[in-house]
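Colleague: Spelled out from the first residue to the last, the chains are:
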Amino acid sequence: MRILLVEDNERVTQFVVNGLREAGHTADHAANGRDGMFLGASEPYDVIIMDRMLPGDIDGLAIVEVLRKAGKRTPILILSALSEVDDRIRGLRSGGDDYLTKPFAFGELLARLDALHRRAQGINNESPLSVGDLHMNPLTRKVMRGERTIILQPREFKLLEYLMRHAGQVVTRTMLLENVWDYHFDPQTNVVDVHISKLRQKIDTEAERPLLRTVRNAGYMVSAGD
Amino acid sequence: MTEWARPIAGMMRSSAVTLALGYIGLGIAALVLFAAPLWYAWQVTIQEGRAEILQADAQRLSDVFRRDGPQGLKSFIDTRVSMQIAGERILLLTDSALQPLAGNLAAWPQTVPVTAGNYRIDVELGDHMRHPALVHVARLGTYNLLVGRDNKLFAPLQARFWYGLAAAIAVLSIAGLLIGLITRRALMARIDSIRRTVTAIIHGDLKHRLPTHLSDDELNTLSRTINGMLDQIEQLVHGVRNVSNSIAHDLRTPLAELRSRLEELALIRPPAAQTFAEIDGAVADVDRVIRIFDALLRLAEIDAGMRRSGFVPFDLADLAANAVEFYAPAAELKNIELTFSADAPVPVSGDPVLLAQALSNLIDNALKFAPERGAIAVTVQRRGDGTAEVAVADNGPGIAAAEKAKVVERFYRGDSSRGTPGVGLGLSLVQAVAKLHGKAVELLDREPGLRVVLTIPPDAAASAPR
Chain A
1 MRILLVEDNE
11 RVTQFVVNGL
21 REAGHTADHA
31 ANGRDGMFLG
41 ASEPYDVIIM
51 DRMLPGDIDG
61 LAIVEVLRKA
71 GKRTPILILS
81 ALSEVDDRIR
91 GLRSGGDDYL
101 TKPFAFGELL
111 ARLDALHRRA
121 QGINNESPLS
131 VGDLHMNPLT
141 RKVMRGERTI
151 ILQPREFKLL
161 EYLMRHAGQV
171 VTRTMLLENV
181 WDYHFDPQTN
191 VVDVHISKLR
201 QKIDTEAERP
211 LLRTVRNAGY
221 MVSAGD
Chain B
1001 MTEWARPIAG
1011 MMRSSAVTLA
1021 LGYIGLGIAA
1031 LVLFAAPLWY
1041 AWQVTIQEGR
1051 AEILQADAQR
1061 LSDVFRRDGP
1071 QGLKSFIDTR
1081 VSMQIAGERI
1091 LLLTDSALQP
1101 LAGNLAAWPQ
1111 TVPVTAGNYR
1121 IDVELGDHMR
1131 HPALVHVARL
1141 GTYNLLVGRD
1151 NKLFAPLQAR
1161 FWYGLAAAIA
1171 VLSIAGLLIG
1181 LITRRALMAR
1191 IDSIRRTVTA
1201 IIHGDLKHRL
1211 PTHLSDDELN
1221 TLSRTINGML
1231 DQIEQLVHGV
1241 RNVSNSIAHD
1251 LRTPLAELRS
1261 RLEELALIRP
1271 PAAQTFAEID
1281 GAVADVDRVI
1291 RIFDALLRLA
1301 EIDAGMRRSG
1311 FVPFDLADLA
1321 ANAVEFYAPA
1331 AELKNIELTF
1341 SADAPVPVSG
1351 DPVLLAQALS
1361 NLIDNALKFA
1371 PERGAIAVTV
1381 QRRGDGTAEV
1391 AVADNGPGIA
1401 AAEKAKVVER
1411 FYRGDSSRGT
1421 PGVGLGLSLV
1431 QAVAKLHGKA
1441 VELLDREPGL
1451 RVVLTIPPDA
1461 AASAPR
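So the protein lines, in turn, are chains A and B. Here this note's numbering is used: position 169 in the first sequence is 169, and no number is missing along the way. For this note's numbering, add 1000 to where a residue sits in the second sequence, where the first one is 1.
None of these hints come from the bench; they were simulated from the model. In this text, a Cβ means the ideal position worked out from N, Cα and C, and glycines have one as well. Worth double-checking, as some hints may not be accurate.
The calculated lysine-lysine pairs, modelled on DSS-like cross-linking and capped at a C-alpha distance of 25 Å, are [stated by the list, open to error]: (1) K1439(B) with K1404(B); (2) K198(A) with K1334(B); (3) K158(A) with K198(A); (4) K198(A) with K1368(B); (5) K202(A) with K1334(B); (6) K202(A) with K158(A); (7) K1368(B) with K1404(B); (8) K158(A) with K142(A); (9) K142(A) with K202(A).
Derived CB-CB ranges, DEER-like [what the hints assert, rightly or not]: (10) P55(A) with T1275(B): 35 to 41 Å; (11) Q121(A) with E1337(B): 43 to 49 Å; (12) I151(A) with T1275(B): 43 to 49 Å; (13) G132(A) with N1242(B): 53 to 59 Å.
Using the sequences provided together with the hints, build the complete structure.
Modeller: What follows is the structure, given as structure tokens:
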């Protein structure tokens, strides 16, 4: 992926740019709103990471609005130290596609960038999903592992659907909370883990190769390969 | 402004003095309004009286004229004039050509027509001064008679009237001003004491209170209200201080751990695998600190009342059902029976994000405290008065009566929660969310267990405090 980071804090910039390059992405960096706006409007990036608070007179949300008005459809992830619910809503309303609060774990950022990129490539909500020998038909809501039919509760279906749409990518607990349950807070205990293990019991029986894996310190991933 | 004018200008700005000046002005106006018609009536009466006297004089003189002829009248007038003090009476007898024959006027006044009647004129008397006078003209055959009186004789009486009025105004002004100044002094003394107290409070001593008396006058009522406000502020500041202390204390622990972990790493320089494990641990420590901050920020956000703008209509039963479903696998894992019951949809107006978080905290708490094979019941219902209610009941140890007030405080952790994860902010958040929606959370005993009830009045937005 080719990623633009608009961020004025050097420490954060170094941390994110190094991490992105390590993960095999190309990362450009703009330290102020003017450069960010220019690069974002002229270069074909896959994803833009936009800090909300920028030095100078242009703030992150304003750049997002300008880019959207100019017809740029590049997915934008807004980065902010403001965690209040209203700020989040304002960020998304200005045209951002996702919102992440500082401080954040790099894994969380990477997973969200992947998800944004995947979403932007255009997904057909109705086409069947397959990972290895696990098949899901979103229309008939039928799930099969090989020849075995798997019966899922509605929420389990939604959970598996989200994981399968992001097959091969790490999906964090927060992403699952937000997208599967629409919960924008941190439930103290790891309830998500329990849901995952319940789902795993249903799709990965002992005889089969495990598809749903836990990625340490990051989240979960559904993938066929290793 | 000159030096002496400054205190006077300051006094003029005083509301008491302004008020006194206003009353003085009003008093003077009333006096003048009272005196003016009196003066007019008095003048008219005097005028008429004098005209009658002059007429009687003229009558007497014409009687003399009829009886003794012109020569008789002339000598009569001469006698009268010689007997009088000059100017008291004005007398003049002329022939048909207006040549003076007798009297104390040198010539017939030009302004007086030779026609019978009363006239007001200025005449020049023996002292060569002009005196306002009232004259009466009578025709005696071909002779003309003028009888008049110098108005100067009435001047002392008039002067007394004016002096009286001026004295009344002076007394009124001085008394009013004095009362104004005294009132100002008394008022300033009380305001000064209020000002001193407030200054002390501004300088940080919140224990001061305004002096109050038993009376119910305006300043006293105001002072009592301000004292009430100060009580509230002191309580809040005290609360904030407590919370700050707790925050400092609660953040110290993970920060201390983090510090020692990093210091140890730097000192010992263990092999790579162990270093990475330690780094993971350090990140977890930081996450703990961040979680505490997030929880506090969320609480502050709710306390500030900012979230009320996020009130939308939604179904409370649906929200609770989702929360129960979310926790069902976790309950199953602990062998706890988690049940949900709602009769029908319960539409309410509120903040679904916060209510979901509050409910999630309650179920989470119940899961923490319910015994193995315990039971948790989540119920949603609408009461008779329209209040929506969501309750989470467990059969755990419950909360002792003495602890009930404390558990909703920030960072408070009951004895039974030692050793369980959490930072002691869960119920504080529930309380804050409940208050945002209008009412404090209820903690009821079930013996055994606890039933936590969160209520939403029919129109939460309208009945909420603040």
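Colleague: Which numbered conditions among the earlier hints are violated in the structure presented, ordered from lowest to highest?
Modeller: The structure breaks none of the hints.
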